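Colleague: Read off the chains here:
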Amino acid sequence: MNTLLNIVVQGVLLGALYGLFAMGQSLVFGVMRLTNTAHGDFIVLLVFVLFALTGFVHLPLAVAIALLLVIAFGAGYAVQYTILNRVSSRDPLPSLIVTFGLSIVIQNVLQQVFSADPRSIATGSFESKSIALAGITLGYLPLVTLAATVALAFAMQWLFGRTPLGRAFRATSDDREIVQLMGVSYRRTYALAMGVAFVLIAVAAALYSMRTAVSPTDGPALLLYAFEAVIIGGMGSFWGTFVGGMALGIAQQAGFYFDPGWGIWLGHVVFLGVLVARPQGLLPKTA
Amino acid sequence: MSILLETRGLTAFYGDFQALFGIDVTVGAGEVIALIGSNGAGKSTFLKSIAGLLRARAGHILYRGEPLDGIAPENVVGKGIALVPEGRRLFASLTVEENLLLGAYCGRPGRWNLQSIYALFPALRERRHYAATALSGGQQQMVAIGRALMSNPDLLMCDELSLGLAPVIVREIYAALPAIVGEGMSAIVVEQDVQLARRVSSRVYCFQEGRVSLSGVSADVSDEAITQAYFGAPA
Amino acid sequence: MSMHLTRSAAAFEVRRATRASRVTVACLLIVAVAVASAPWWAGRDALHDFVQLASYLVFAMMWNLLAGYGGMVSIGQQAFFGIGGYAMLILANYCGVSPFIAVPLAASIAVVIAVPVSLVAFRLEGGYFAIGTWVIAEVFRLTVANMSVLGGGSGTSLTALQDVPRALRESLTLWLALAIVAAAIGLLYVFLRSKAGLALTAMRDNAVAASSQGVDVKRARLIVYLVSACGAALAGGLYFLGNLRISPDAAFSVNWTAFGIFIVMIGGLGTLEGPIVGALIFFILNKFLSDYGTWYLIGLGALAIVVTMFFPQGLWGFVSRRFGLQLFPVGRHVVLADIEASQRRSTGGGADVLDASAATRRA
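Residue numbers (the working numbering), protein chains in the order written: chain A, 81 to 367; chain B, 1471 to 1705; chain C, 2 to 364.
A few of these clues could be false.
Unchecked claim - To give an idea of the interface, some chain C residues facing chain A are shown, with a C-beta separation under 8 angstroms as derived from the structure:
{"hint": "1", "residue": "V121"}
{"hint": "2", "residue": "A131"}
{"hint": "3", "residue": "L143"}
{"hint": "4", "residue": "L162"}
{"hint": "5", "residue": "G302"}
{"hint": "6", "residue": "M310"}
Honestly, the hints are just simulated from the structure, not real lab data.
The structure displayed is predicted, hence computed values, not measured ones.
All C-beta atoms in this analysis are idealised placements derived from N, C-alpha and C, irrespective of residue type, glycine included.
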């Protein structure tokens, strides 16, 4: 019984990270129907930017992370405005090709600059600290990740539901032609949305790199986890994505428990199962 | 009466198809004009060109004497021109109140705000938190008008308010028009119902296959002249 | 004054072939004969290259069929490529089937597997369909990688041809490759010219409108998916027959899809010659530039981004539209018979239009 509880708890903690990966993608797809196959690679890119900030520029970690958030927003805004706005339309093929190209470019540039070796952020002893609760070890880092994910889910829900910007996001996603009549430029809105998504990704990147060693080619795997979390949770709601991440995390942990080789596999299979049995996801937003 | 909006030789295309062949229209300050004409005559195209949703290929649009040519659509409402688009086009993910609030996004000051809109259309106050598309056709039209009014425009353009609505609802909506334009707002009303259009406007233009086929004072123009202009002069 | 049509229906005819297409067909036949005779004059590397190129070609054509005609962009066709390879290997190594027969057999197995896969994949649409197919491919990869009987993560070798003399094996593989390519091109050409092909084009352009004209969109999509899976499996079986060694990472790599995307980017979607041109260019580029490793890939990626942004129909699409070239005529074009006469008449029509507008101004 303790093992089962442990699996669930570790799964939830892992899943929080996946939920964070997924929220950025959920936002982007929700606002501009963009399928970004470079999503995972953007996470990895920001991880390496963090490496550069702490390693080459020798900034203290907290400062580096704050700076990372700012850089991320700017980068996301720029990428969307200059490149992706051209391909953000109903036809998925151009956006797929462009983001695929971006994925290849990012992976290889990182390999050139940083070499293919995996590396992680040193946080001193923080990453290994933990507390014991009812016989289960809860690491500080996963708990912080969970807290961050919950906080951000609330923040996103508030942003979308209660602010003028959030209304602009939703309206642009509904009808990007007519929203212009209200003074909303859909091109700038898309860029803003990507900027916000990048901030979410930056938080995810920071937490991820403290937990594992990251290598330049990790991107595609993260993309798939993010995507699965979105689908399992149900498209259209941040809490859904959060729950989807949890479910994926638990599935993977269960798989790892039986055999390390089958961990990821079980996550994929659970995703497919949800797709067949309940395609709208666990917590879909009622239209 | 000073001229608020003037188009000279406005020409517009949808791809290779020419929809407007040089339109000359003027709207005075505080004036309500009507555009009539059959389907496909170019009335909606004309409004979209002014709103910037469609780029004119030739000709000029002058607003308060300054050219509007080539201006980005999101900057048009800031100048004081609001369009109530054909078919309402409400935002399905937003509630009634959120649709109205979005109308105020550009932040133009004026007498129109949530309270005054609800005073104008009381039915909306009860339903303010409903999804906008869950309302009846007439109520949706009220939301669309309210959304445009929230930007406190000086020129309100209404594209076929009566589309798909029962006559009694149409009457109710047009009954509110004087209250809307009361304090000096100009309006362009596109309407298929010719008599209704003449009643609410001071001047009327008739469009036919992308050209202005008739222009005159609403009260004075004869039914015969309108029929001829509407359908095209007989051979 | 009324406006009336001033041009009566001039004589016209509907033509299929263009001169460029006739030249192409002739060239292809010559090439086919040359390749068939290659075992007698070409070196081992050239033979191996052709088999590889054939796999690339068939895979690209099938990816193009799925995306360009079926309107379904998939990042997971490598699933069937890998199934084709592994099924061929299993049939040859463990069931005693001749590998050359195992390739088409493996393709039929892939089609059978594709049916339940499609039921799952079709739950998604557009961009999410694309990523979903990738997940499915990953499931296959991980499943095979965890099966030690198939060699697990490091793969296994095709042993069934150990006793066949090398020259004979290579010749047979080459001819099989040629046969598969010819069959693929031929079948696609016939299919796309047929009513079914027309239905596909209509469906791609506007599914709702097509459906209202009686096109069974769901069934058409399924058929395209199955055909594409079959072709991908043929390509996979062929590739690993030529390679003699298979591993999950090689078989189910997403690079195959990246390659398909690249082909489209060069060749444009929805033409038959596009993937052929694209595959040739890609193959040549790969051969000479892959030594540059990451820089080559960065260049490819950047090229993909730039081309998609500025040449949405692909480079070949741009060229063919600009110069009116269509090497494999799957469309029809109208040729007016009496050009001069209609030109004369149209100036008269112009005068009519001027008069009419003058009349309306009078009102």
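Colleague: Next, verify each hint and record whether it holds.
Modeller: Evaluation of the provided hints:
{"no.": "1", "hint": "V121", "verdict": "6 angstroms, holds"}
{"no.": "2", "hint": "A131", "verdict": "6 angstroms, holds"}
{"no.": "3", "hint": "L143", "verdict": "4 angstroms, holds"}
{"no.": "4", "hint": "L162", "verdict": "30 angstroms, violated"}
{"no.": "5", "hint": "G302", "verdict": "3 angstroms, holds"}
{"no.": "6", "hint": "M310", "verdict": "5 angstroms, holds"}
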